[in-house]
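*Asks:* Each chain, written out:
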Amino acid sequence: MKFLCIPCDSVMDFAERQIPGDGTLAAVFKCGSCSQEVAMLTNPMETQLVSSMGVKIGGREVPAQPMELSRTSMEGGKEDVFDQSEVVSTDSQSHSLRVTWTSEAVGRLDNVPSFVRGMVKRIYTDWAQQNGISEMNPAIMDRARIELGLEDM
Amino acid sequence: MGKVQPKGKTEEMRKIRTYQEVSHDTGSELLEQVIEQQERLADRLSQVKRLVAIASGKGGVGKSAITANLAAGLASKGFKVGATDADLNGPSLGRMLNVSGATLVDSADGVEPAMSPSGVSVMSMELLQSEADAPLKWREPAMGGFIWQSSMETGVLREFLGDVVWGDLDVLLIDVPPGTDKIKRLLELLPSLDLLLLVTTPSETTRFVVAKSIRLAQEAMVDNIGLVENMESHVCSSCGHVSRLFGTEAATEEHLHGSVSLWGSIPFDPRLGALTDQGDPLITAEPESAASVALQALVERVSKHIKGGKS
Chain A
257 MKFLCIPCDS VMDFAERQIP GDGTLAAVFK CGSCSQEVAM LTNPMETQLV SSMGVKIGGR
317 EVPAQPMELS RTSMEGGKED VFDQSEVVST DSQSHSLRVT WTSEAVGRLD NVPSFVRGMV
377 KRIYTDWAQQ NGISEMNPAI MDRARIELGL EDM
Chain B
2 MGKVQPKGKT EEMRKIRTYQ EVSHDTGSEL LEQVIEQQER LADRLSQVKR LVAIASGKGG
62 VGKSAITANL AAGLASKGFK VGATDADLNG PSLGRMLNVS GATLVDSADG VEPAMSPSGV
122 SVMSMELLQS EADAPLKWRE PAMGGFIWQS SMETGVLREF LGDVVWGDLD VLLIDVPPGT
182 DKIKRLLELL PSLDLLLLVT TPSETTRFVV AKSIRLAQEA MVDNIGLVEN MESHVCSSCG
242 HVSRLFGTEA ATEEHLHGSV SLWGSIPFDP RLGALTDQGD PLITAEPESA ASVALQALVE
302 RVSKHIKGGK S
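Chains as they are written, first to last, in our numbering: chain A, 257 to 409; chain B, 2 to 312.
Certain hints may be false.
Where chain A lies over chain B, by a calculated footprint (3+ residues, C-beta under 8 Å) [what the hints assert, rightly or not]:
1) 26 to 37
2) 134 to 145
3) 173 to 184
These aren't lab readings, by the way, just hints derived from the structure by calculation. Note that the structure is predicted; figures quoted are calculated from it, not measured. Just so you know, even glycine gets a beta-carbon here, dropped at the ideal spot from N, CA and C.
Generate the whole structure from the sequences, applying the supplied hints.
*Replies:* Here it is as structure tokens:
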């Protein structure tokens with residue numbers, strides 16, 4: 257899918273993605289020549305079609321997580337199916353920094369459905385390691401959430 | 002039909018460049034993500050020596066029971082075996098390999114599969130669902146499921162194959178749901194397939210459908226296609242008399258389209274279904290039964306294939 261700015265005969269570049277939370281999506285594309293912007297608005301069915309491919313328009317802020325599509329798309333998933341006791345960062349071998357979680361941070365994680373908790377914990381841990389942060393607390397979680405643009409987690 | 006002209010316009014239509022004429026990358030990164038998914042799947046499956054799919058095209062022919070027994074039989078011979086239940090809407094492999102209720106471990110490298118008592122690594126949708134009798138449902142918009150559901154199921158199957166920590170397996174068995182389209186989708190998803198076992202029965206209707214699957218696989222250039230005729234006969238448990246169940250002749254390679262070889266003929270045995278349904282595959286539970294002996298012959302042939310010998 258490409259958007260062509262007809263006056264400039266120039267392909268528009270992806271600029272921004274917004275997920276309002278009602279199943280729709282807005283993706284903004286901008287012409288590099290005249291700066292004209294257009295927003296592609298998708299209805300819930302069209303949004304789901306893209307989501308079902310396991311991709312995100314404009315790319316990912318965090319790497320695709322193991323079984324992400326299954327975990328985030330299924331209804332009626334078993335709460336205790338995933339044992340997260342062994343969750344470490346995706347890239348633990350290249351990072352020597354160990355991230356410890358405060359009890360408050362763990363408590364906040366408890367509010368995340370068990371089905372996706374391990375995936376979310378790994379995303380936060382990866383981000384902390386990449387930023388040289390050794391302790392995960394609620395304030396750091398807020399910062400990570402904003403920086404990572406975790407709109408749908 | 003002529004060109005569609007905007008209302009009131011009589012001048013010649015302006016030329017807008019086509020998608021193919023535009024090489025500029027938009028930055029949407031969709032293609033890059035799809036390629037990354039394919040690479041991740043290929044990387045995971047590169048650790049698996051042989052990929053074997055068990056399919057039919059027809060439902061109710063015993064694909065899952067044969068998959069479970071084949072898995073247990075191969076594991077009992079010392080092979081490192083994995084089994085994926087590609088039937089997302091009617092999963093049964095978890096139950097047949099006795100891993101229902103197992104917990105999956107979120108590890109650094111992905112999701113660890115469940116381990117069956119027979120030593121088979123298993124992944125099935127059944128493990129993820131909270132209620133055993135609940136139909137599979139997706140978080141969906143109110144309408145349009147027919148548009149995206151196939152894409153969703155293919156994506157989840159990709160995760161079952163690519164995001165599960167299978168490790169260095171000798172063989173990964175894939176239990177394919179009914180429908181020739183499911184075979185086609187699997188073939189498109191996999192980087193390669195070493196062996197496609199098509200399960201048939203002596204029923205004319207089943208053979209009619211399986212013939213379509215054979216043709217589909219041949220057109221997709223699958224090198225190794227083997228037929229397994231299930232419920233080929235009935236052996237009387239009292240007197241040993243062998244009788245046909247369907248009134249048709251036993252499968253021969255001639256009327257199974259020549260180029261496809263017959264890899265196994267499994268006699269009907271009610272214990273095959275009953276025991277396997279209870280998570281106790283017949284091949285290990287009743288190894289002396291006629292059906293188990295036939296299954297063992299299939300295991301032997303697949304073993305040779307895994308080892309790289311002539312099958």
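*Asks:* It remains to establish, for every hint, whether it holds in the given structure.
*Replies:* Against the structure, the hints come out as follows:
no.: 1; hint: 26 to 37; verdict: holds (count 9)
no.: 2; hint: 134 to 145; verdict: holds (count 10)
no.: 3; hint: 173 to 184; verdict: violated (count 0)
Hint 3 from the earlier list is the only one contradicted by this structure; the remaining hints agree with it.
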